[in-house]
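Top to bottom, those sequences are chains A and B. Heads up, the first sequence is in the working numbering, so the first residue is 1 and it goes up one at a time. Heads up, the second sequence is in the working numbering, so the first residue is 1 and it goes up one at a time.
No incorrect hints appear here.
If you want a taste of the chain B side facing chain A, the calculated C-beta under 8 Å gives, among others:
#1 Phe6
#2 Ala7
#3 Glu19
#4 Trp55
#5 Ala71
#6 Ser77
Derived, one-sided and incomplete: chain B residues facing chain A with beta-carbon distance under 8 Å:
#7 Cys15
#8 Ile38
#9 Ile73
#10 Val76
#11 Gly78
Source of the hints: derived by calculation from the structure; they are not laboratory data. Ideal placement from N, C-alpha and C gives every residue a C-beta, glycine not left out.
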Amino acid sequence: MEIEIQLTDSLIPAKIAPPAGGHTGAWLEFSGIVRGQENSELISGLEYEAYQEMAEREIRRLLESLAQKHPCLSARVIHRYGVIPVGETAIYVGVAGRHRQEAIALLAEFMDRLKQDVPIWKRRAMPIAAPISPRHETPPFAPVPPSAKLPTVSLDEAVAHIQSACQPLPNIRVSLPLALGQTLRETVYATENFPARDLSTRDGYAILVSDSPATFQIVDTIHAADWKPRSLQPGQAVRVATGATLPGPNLRVIMQEDVERQGDTITVLKDDGAANVRLCGEEIKVGQPILESGLRLDGGKLALLATAGCTQPLVSPRLNVIHFTTGDELVSPERVPGPGQIRDSNSILIRGLLQPFVNELEQAHLPENFEAAWARLDLSRIEAADLLLISGGSSVGDLDFTRPLLERLGFRIIFAKVNVRPGKPLIFGVNGTRVAFGLPGNPLAHFVCLNFAVATAIACLRGETPPTFLRGPLATALADDPCPRETLWPGRVLRTTESTQLQPLPWASSGDMTCLALANALLRIPANTTALEAGAEVEYLPALGRLES
Amino acid sequence: MRVLFFAQLQDATGCPNTELAVAEPLTLEQLWLILLEIFPELHAYRPNVRLACNWEYAGPETFFSDEDEVALIPPVSGG
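Chain A on its own, in the form it takes in the complex (with noise of 0.2 Å):
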């Protein structure tokens, strides 16, 4: 019987040609597939382990064995290791025979004693990522009807109505690359020593702490990847590299610089005393805390995380965020806009602001009609969405119709101004656990509404800190005409080594766009300010990402 194996960690094509020659009257193939299940749980693959020289020949003495009692006339056998998704084949078997029943033969009692004898392992099921439970239990599209008027809210009671509205979503796991920049929120303990085992931290000569200085007896090379463990006699030295683990413990290593060496004896010339090993544990000892619940996640403790093999931490959920833009004036940044239309600059203002806390950001624009938007809407995204964004529409023009949208989406308004420049016009509305803003659509209104109240519900959303308001001198003196509403003025916080200043920025509107470059923060001015002198303490927000702590 001719005979090929093959073990591959690559993919097994589909079809496979039955051999080519007149005296072949059956050809039977046999893919076996990677299932989505092993023992009831979900995966998404299985990692195959092969012991390569030794599964071959098993396979080939197998065939031999079983060609005698089935003669067939050629048998192709692949094998695959590695990670093999769900769905795709981890082994192939192909049977030639003259006759169907020898070839049907050969292959089921192949397969029953591959699984016996060859050295093949299934290591280990790669889990599938648990499928989310909804986060919000309430249906969203329960119209509620129109509140009745409601009063315009201070910007502190602003705050307090969003930060008591805004219930916690509960944390997530996520793999290490994706907890970047996330707030870790559980403390992680070793489970491992570090380094597992003692490590030379020289070139040298490893011999016995208890040992005395003289001439040794080389008896085995160790490099850096090596695991020899053996134990040493007095006069015994083990060569041993930098990074190289010892071959046992009570150990030290004498430098390669204080020895001489001729052929595989080392004559000590100097010693020190010093033990140039990484003592086992030495770093990180098993059930000692390695991070702290409640730090940022940042490329250095992502690494610690990597060596302790934390590999799926606990961090806040990041969020799902919808948000749609309405205006016929809008066209896309790419197009020259026509006389009364501009350039839509707060689809990318908000995914700037909020990428860093925004699992998934889905962004649309909605015609400026109630029943189109409405028709518009895919409402199973709106019911998955933790927080709904609608930029524009939130004055109280004919056209605007952010609030009865978020009513009849089962949001109840819970404030529609707050006395507050610019963006009076900020709706706030909350169904269940979801909640939604309309804002002002004016890019400097955008700005302010996101870095104070959409800041601060994202922020509770996730669990962490909000946003709070600081205190500093003003850099230069700032005139104003009195404005009877607080006003939350673009700045830019200038900090030196001593000292930190508050430089506000001048903004002609609303519509004032060049400041939101340079602003990295919100300097608050008292209703009815005329003038402020520098040095004049006032209060500021620190803008979403702008500024580092």
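Here the structure of chain A is known, so what remains is to put chain B in place on it, guided by the hints.
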């Protein structure tokens, strides 16, 4: 002698392979005694582990010498 560990035995010993210096050929029983001394973790697995010598399953008559490749084969699960 090169000794290879597969599947869960790798997790138990913490390494995929190790080198043993063997002066005289060992019986299966003698080799196990040495392995268990270095890796006491293997005790629990021994009843279900077969030894292979140079890519063939070993039997009571097998001798293991310094230049052999020895593998510890836990129950297989291919296919």
